[in-house]
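*Asks:* Chains as they are written, first to last, in the working numbering: chain Z, 26 to 115; chain L, 71 to 456; chain G, 355 to 734.
Please keep in mind that the hints were generated in silico from the structure rather than gathered at the bench. Computed from a predicted structure; not experimentally measured. Take these hints with a grain of salt, some might be off.
Said to hold, decoys possible - Below, simulated DSS-like cross-link-like pairs (lysine-lysine); rule was C-alpha separation at most 27 Å, straight line: (1) G:K399 with L:K256; (2) L:K120 with G:K647; (3) G:K479 with L:K254; (4) G:K469 with G:K487; (5) G:K373 with Z:K110; (6) G:K469 with G:K479; (7) L:K435 with G:K399.
As the list claims (entries may be wrong) - Computed footprint of chain Z on chain L; a stretch qualifies when at least three of its residues, placed anywhere within it, have a C-beta under 8 Å from a C-beta of chain Z: (8) 135-141; (9) 307-313.
Each residue gets a CB set at the ideal place from its N, CA and C atoms; glycine is no exception.
Chain by chain, the residues run as shown.
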Amino acid sequence: MCLGIPGEVIELHPEQPDLAKVNVSGVRRMINIGLLSDDPPAPGEWVLIHVGFALSKIDEKEAAAALEFLEGIGQAYEDELAALKESVIE
Amino acid sequence: MSRSWIDEALAESEQSSEGLAAEGRRQLPLADREQQVLDRIDRARRRRPKVREERVTMSHGAGGKATHTLIEAVFLDAFRNPLLEPLEDAAQLAVGGARIALTTDSYVVSPLFFPGGDIGDLAVNGTVNDLAVSGARPVYLSAGFILEEGFGVADLQRVVDSMRAAAEAAGVHVVTGDTKVVQKGKADGCYINTAGVGVIERDITLGVAQARPGDAIVVSGPVGDHGITIMLARGELDIEADLTSDTAPLNGLVAGLLDAVPGVRAMRDATRGGVATILNEIARAADVGVLVNEDEIPVRDEVRGACELLGIDPMYVACEGRLVAVVPDEDADRAVAALRAQPLGEQAAVIGHVRAEQPGIVQLKTAFGGTRIVDLLVGDPLPRIC
Amino acid sequence: MRFVDEFRDADKAHALAAKIAALCEPGRQYKLMEVCGGHTHTIYKHGLEDYLPESVTLVHGPGCPVCVIPMGRVDDAIHLASQPDVIMTSFGDMMRVPGSGGSFFDANAEGTNIKMVYSPLDSLKLARQNPDKQVVFMAIGFETTAPSTAMTMIRAASEGLRNFSVFCNHVTIVPAIKAILDSPDLRLDGFLGPGHVSTVIGCRPYEFIARQYGKPVVVAGFEPLDILQSIYMLMLQLSQGRAEVENQYSRVVPPNGNPVALAAIGETMELRPYFEWRGLGFISHSALQVKEKYAAMDAERVFSVPGVRVADPKACQCGEVLKGVLKPWECKVFGTACTPETPIGTCMVSPEGACAAYYNFGRMNRNRVAEAGTVGTARS
Chain Z
26 MCLGIPGEVI
36 ELHPEQPDLA
46 KVNVSGVRRM
56 INIGLLSDDP
66 PAPGEWVLIH
76 VGFALSKIDE
86 KEAAAALEFL
96 EGIGQAYEDE
106 LAALKESVIE
Chain L
71 MSRSWIDEAL
81 AESEQSSEGL
91 AAEGRRQLPL
101 ADREQQVLDR
111 IDRARRRRPK
121 VREERVTMSH
131 GAGGKATHTL
141 IEAVFLDAFR
151 NPLLEPLEDA
161 AQLAVGGARI
171 ALTTDSYVVS
181 PLFFPGGDIG
191 DLAVNGTVND
201 LAVSGARPVY
211 LSAGFILEEG
221 FGVADLQRVV
231 DSMRAAAEAA
241 GVHVVTGDTK
251 VVQKGKADGC
261 YINTAGVGVI
271 ERDITLGVAQ
281 ARPGDAIVVS
291 GPVGDHGITI
301 MLARGELDIE
311 ADLTSDTAPL
321 NGLVAGLLDA
331 VPGVRAMRDA
341 TRGGVATILN
351 EIARAADVGV
361 LVNEDEIPVR
371 DEVRGACELL
381 GIDPMYVACE
391 GRLVAVVPDE
401 DADRAVAALR
411 AQPLGEQAAV
421 IGHVRAEQPG
431 IVQLKTAFGG
441 TRIVDLLVGD
451 PLPRIC
Chain G
355 MRFVDEFRDA
365 DKAHALAAKI
375 AALCEPGRQY
385 KLMEVCGGHT
395 HTIYKHGLED
405 YLPESVTLVH
415 GPGCPVCVIP
425 MGRVDDAIHL
435 ASQPDVIMTS
445 FGDMMRVPGS
455 GGSFFDANAE
465 GTNIKMVYSP
475 LDSLKLARQN
485 PDKQVVFMAI
495 GFETTAPSTA
505 MTMIRAASEG
515 LRNFSVFCNH
525 VTIVPAIKAI
535 LDSPDLRLDG
545 FLGPGHVSTV
555 IGCRPYEFIA
565 RQYGKPVVVA
575 GFEPLDILQS
585 IYMLMLQLSQ
595 GRAEVENQYS
605 RVVPPNGNPV
615 ALAAIGETME
625 LRPYFEWRGL
635 GFISHSALQV
645 KEKYAAMDAE
655 RVFSVPGVRV
665 ADPKACQCGE
675 VLKGVLKPWE
685 CKVFGTACTP
695 ETPIGTCMVS
705 PEGACAAYYN
715 FGRMNRNRVA
725 EAGTVGTARS
């Protein structure tokens, strides 16, 4: 149910519109993009791959927002840690 | 498997836990319920192995729990003798004053030809490696061929040429052999069985049972190359990657290591079952704990990518040209340097340590900071969808 | 690996852990259920429970489509595989699940030809390559996987393939969650919603959990930071007295799901009136079967399956583990009679099963992060 991996679309199949080649960390596989026929992915876009099919596109904006939130939390944490260390010195 | 194995298993576990529960109540400190269950499990794991299946399945060939149980319950039980007991990669024998290592292997890989080599390369290198990691200088090999009716002679020639080249590279000779032909449908084209003999010239005795708390565990390079290459080469997964098998003779690498670190405690050739299996063998044989760091285990990007795609763990994937060594901690840096001095060991690294806590259990500190157990798999790592 | 490594950063994990701890009310216990087996797997694989305070417990839910398949259906699959000239194809997860006479591996040892595939399309390829054989695909999975089966069937139809069929065991997640919510012996504070199912069905189907049952839901991704962030979001809702459906996995989950995928399912499959779930009993409208229009590809119609209901072994407590009532180690046979090598139940054999995850990954005493607001190194 759950194993979905992000992969980058590198090329669309010249003859079969349903197929595209994706790259996952240097490994390449042909997958079926038929489930994204409403808004097919273009080379360079990222998709979520599950059992040989692309289930959804990865929204780069949302991903960036998610990471920003995490960076923010990370930074706030670093700041608190630094403040804690300083207060201990006293 | 019949339904009755469940009843048998239940009866067995009830019997053993009844006696031990009483004992447990006396001996265990006021541990919480969970800890008591974990102790019960630990005792269950140390019970005498028994094969519950009526028939051999593919799991028995994977190098994991099923294989170990089969070996212990059937083969070791029947052939039991002190030379066999250690179940190392080669048997260490004393013959007429000389110390000899003897090993045997069978090669049934499919496909026969794959990126980076073929069954012939595996046959020679695999046998040489089992001897090398036992501290021996490999000298002679036997090669028995089981050929399928209809197998191409040109293909056979290719395999044999690979073996000749591999033998030359490793400095060994094939001195005896055998040929059998079986009917079409058997032997997948070609099976090769080998035996190897080496001379133990150094004054050392290697064995995983010698691992001690504090020892460092070193791996000679990136893991999982061979297993993933084969999986992809079978062509069923439609995955392309620039990966080749890492099959290689390790006797030169081993010699370099032993020259620099005579105090090496043990070495193992990481084949089926991967690095994880060897770590478990160390933990079991020496009754020690093992803690490794995920961050430090070298894995090629493509292997990681393929493993993520399939949902398998690179630690369990076969290698064919990697060794795992247990060395005293103070020698760890020298060991890594000695390995890195040779091309086959260029990504060698310390991946963890042996420790006293939680004997028999291998744990991994994840890149993320949490900890998890790395147990033996029952059979092959299976691609999962979930 | 992009979109993976960034969500596995340990420092951010400590930050999230501190924030989660800070939201714990002293004296209060929190029980959060992760529905999805994939989440259970990540939690154990990365040791995430080490990051949570003692008062926050994760309860493992029934979102493991392999775990919920009753033994009788495994027997049915083996029966199909035993028919002359049949090649059965299955995902790896199913290969060691025990039926009443053994697993697919055991069946192969007895002579069946059950092959492991990575995708239903591989099954189709086999059918094309073996026109004299009947290729059956054992379809399992929630709504995540059903669209792939559906697309494969549509493709098979368009190619006029006559020797391909599907043994459909797809199940739907919402009825299972509802069964959990209605279960009297379980009190949960919130849910980590399934991540990949939601790419297909969207987030709206979970609104009843918030509206009718007053429990917060956060649709969560599968990387460790996704899960920690989702737990944080749940705790935030609880501390603020809110009960809403939020989408932490927004980079992948569109709020309305995937209409093309839903249409493909609708074209080829329909809800069964009821289906037996291991451990949860019969649940109505909780599983899919092949539509009449595609009857020629319905393995249950092309062949006859015995359809015998096989009771779980009496000792097996998978049902309670699946419902989250029991923790794996609380099952009487966990680790002793039931081990990964000799699994009595599916929770132990499925890679996502709570018992397998706990046995293979988590089976040891853990240090827990100190509770309530202390900032500092979470782990020794």
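*Asks:* If a hint holds in the structure, say so; if it doesn't, say that too.
*Replies:* Against the structure, the hints come out as follows:
Simply put, G:K399 and L:K256 have alpha-carbon atoms about 40 Å apart, too far for the 27 Å limit, and the pair is violated. With a CA separation close to 50 Å, the supplied pair L:K120 and G:K647 exceeds the 27 Å bound. With a C-alpha separation of about 25 Å, the suggested pairing of G:K479 with L:K254 holds against the 27 Å cut-off. Straight-line distance between C-alpha atoms of G:K469 and G:K487 comes to about 13 Å, which keeps the hinted pair within the 27 Å bound.
At roughly 18 Å between alpha-carbon atoms, G:K373 and Z:K110 fall within 27 Å of each other, so this suggested pair holds. Among the hinted pairs, G:K469 with G:K479 is consistent with the structure: their alpha-carbon atoms are about 13 Å apart, no more than 27 Å. As the CA atoms of L:K435 and G:K399 are separated by approximately 10 Å, the hinted pair is consistent with the 27 Å bound. Chain Z is given as covering the segment 135-141 of chain L, and this is violated because 0 residues of the stretch bring a CB closer than 8 Å to a CB of that chain, at least three being needed.
Beta-carbon proximity to chain Z at under 8 Å applies to 6 residues in the segment 307-313 of chain L; the threshold of 3 is reached and the given coverage holds.
Hints 1, 2 and 8, counting from the list given before, are not met by this structure.
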